[in-house]
Amino acid sequence: MSRITILNPKMSQPVAKVAGAVRVADLKGAVIGFVDNSKQNADHFIERVGTLLREQYGVAAGVTVRKRAPKDELSAPDLIDLARCAAVVQCYGD
Amino acid sequence: MADGVKLEAQGIPTATICSTAFAGAARVQAAGRGFAELPIVEIPHPMHTASRSLIEDRASDAASSIARALLKGAAARGALGEEILEDRIELDAEPAALQEFFFAHGWTDGLPVTPPTADSVAAMVAASGRDAHETIGPIPPRMRTATIEKLAVNAVMAGCRPAYFPVVLAALEAVLDDNIRLYGIQTATNTSSPLIIVNGPIVKELGLNARGNVFGQGNRANATIGRALQLIQRNVGGDIPGETDMATHGHAGKFTFCIAENEDESPWEPLHVERGFKATDSTVTVIGGSSPQNVFTYGCETGAEILDHLIGALTGLGHNNIIFPTGPLFALSPEHAQTLARDGYDKQRIKQEMFTRARIPLTRFAARSVIGLHHRRSRWFEIANDPDHIGVADRVGDINIVVAGGAGIHSQFVPTSFSYAPVTRLIRRGGAA
Chain A
1 MSRITILNPK MSQPVAKVAG AVRVADLKGA VIGFVDNSKQ NADHFIERVG
51 TLLREQYGVA AGVTVRKRAP KDELSAPDLI DLARCAAVVQ CYGD
Chain B
1 MADGVKLEAQ GIPTATICST AFAGAARVQA AGRGFAELPI VEIPHPMHTA
51 SRSLIEDRAS DAASSIARAL LKGAAARGAL GEEILEDRIE LDAEPAALQE
101 FFFAHGWTDG LPVTPPTADS VAAMVAASGR DAHETIGPIP PRMRTATIEK
151 LAVNAVMAGC RPAYFPVVLA ALEAVLDDNI RLYGIQTATN TSSPLIIVNG
201 PIVKELGLNA RGNVFGQGNR ANATIGRALQ LIQRNVGGDI PGETDMATHG
251 HAGKFTFCIA ENEDESPWEP LHVERGFKAT DSTVTVIGGS SPQNVFTYGC
301 ETGAEILDHL IGALTGLGHN NIIFPTGPLF ALSPEHAQTL ARDGYDKQRI
351 KQEMFTRARI PLTRFAARSV IGLHHRRSRW FEIANDPDHI GVADRVGDIN
401 IVVAGGAGIH SQFVPTSFSY APVTRLIRRG GAA
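Line by line, the protein sequences give chains A and B. For the first sequence, the working numbering begins at 1 and goes up steadily by one. For the second sequence, the working numbering begins at 1 and goes up steadily by one.
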């Protein structure tokens with residue numbers, strides 16, 4: 001049987017690695033921000049999680065930003081607001 | 001996922017909540033942006049339709065995992081790697097065995113492909129008039145930048161003639177414009193795919209179909225140009241159903257979604273001229289589109305009656321242009337367009353009537369939907385001065401009309417999504433066909 005050489009349509013490309021943020025040493029007093037991506041019920045989920053994190057871990061309430069649509073990226077003003085937080089919880093992929 | 005990676009890069013630790021159905025896709029998408037270890041907390045699916053009490057229970061169950069993800073010592077879990085073969089592969093030339101190889105390695109959309117030999121790829125590159133090593137990208141969802149040669153491999157596989165390749169490249173450059181929001185189109189549960197609309201002299205030069213069955217099968221140029229864009233998204237961008245493409249249903253436009261405007265039978269200026277190009281320019285216009293919905297104007301004899309039906313199609317519940325501010329697209333048949341024109345309607349008047357009349361009373365929606373609409377469509381409520389209805393576009397100019405198709409009293413409403421606006425690009429033609 002004859003042979004054929006074909007070109008690969010896929011590609012491998014090294015992605016510039018992002019160094020993850022240093023985690024929080026202690027949640028007590030840490031200001032936690034939230035991102036509500038506007039999926040249905042994300043607001044209720046955040047409300048409950050925020051309450052529990054305050055009650056059980058002593059976190060301080062930070063800003064909650066709500067995106068116009070789930071697939072929109074955070075705006076520059078939102079990123080500035082969130083940068084004031086010690087950590088951010090984003091809700092959610094569903 | 002892009003937000004989480006961006007925040008982590010800025011030194012802000014994150015926890016990203018994902019339902020079980022979407023956690024895998026989230027990890028792949030985060031890996032594509034350089035942070036496969038993005039901390040993801042999984043919760044049960046679904047959330048959208050869960051009761052308030054169930055949402056609260058799931059939040060309670062997730063709280064400790066969220067806390068752990070933010071604290072030092074959090075265990076990271078990366079995305080699975082991909083199989084990568086050499087750039088050139090020697091294979092048994094037996095046709096059936098070749099196709100089985102392509103299927104086995106996930107190179108196709110589920111249909112057989114043309115084997116991409118060095119000669120066929122070189123011919124494709126030559127027809128583009130561009131350097132084989134020139135790059136285009138990054139292409140989502142894995143944000144990869146590809147050479148013209150790599151893109152040509154996919155165009156060959158799709159079945160393109162070399163002369164089609166400049167159209168494929170123009171369409172690719174258009175979908176990478178930020179206004180198209182390709183990443184959202186690719187990864188969402190929504191049924192959406194980039195629609196390519198070709199205008200200008202190239203339509204006849206390449207034999208693109210602008211007439212009967214324009215959204216359907218049977219024309220090589222339409223079928224393979226649209227398919228090439230899809231294969232590029234799959235093989236280069238890494239857009240894989242079930243991994244990154246989380247469409248609930250998908251639609252046939254995810255195989256191929258390319259039409260040409262029927263400029264010869266249109267009573268109006270074509271789309272690309274309306275968008276600032278010369279009639280002699282050849283262009284592609286792209287926008288995120290769902291499956292076209294047929295508007296059958298049985299019994300209608302006048303432009304006004306046809307317009308009533310078109311507006312009627314817009315005022316049903318559940319289509320994308322209620323939620324997305326993108327603005328609907330209509331592909332009007334020549335018969336409809338000519339009847340409308342005969343009765344005094346130009347494109348602007350049709351758009352104005354659609355904008356004014358295609359409004360849905362908010363009383364038809366559930367309370368939570370109304371709250372959501374006030375958020376997602378906030379621009380409408382700011383500028384439309386109509387607090388009791390939701391329109392299908394925020395502004396008249398967001399509605400788009402092309403003339404396409406053959407004889408018959410049918411037009412297509414193409415609900416659009418994700419894209420902020422259509423994007424039109426000139427087709428650069430440099431090489432031999």
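If you are wondering where the hints come from, they were derived from the structure by calculation, not from laboratory data. Each hint should be verified, as a subset may be incorrect.
What the hints assert, rightly or not - If you want a taste of the chain B side facing chain A, the calculated C-beta under 10 Å gives, among others:
1) 8
2) 16
3) 39
4) 47
5) 67
6) 98
7) 102
8) 111
9) 211
10) 235
11) 246
12) 250
13) 383
14) 387
15) 395
Bear in mind the structure is a predicted one, so any value in this text is a computation, not a measurement. Glycine included, C-beta positions come from ideal geometry on N, C-alpha and C.
Requested in this report: Report the numbers of all earlier hints that the structure fails to satisfy, in ascending order.
Outcome: 8, 9, 12, 13, 14 and 15
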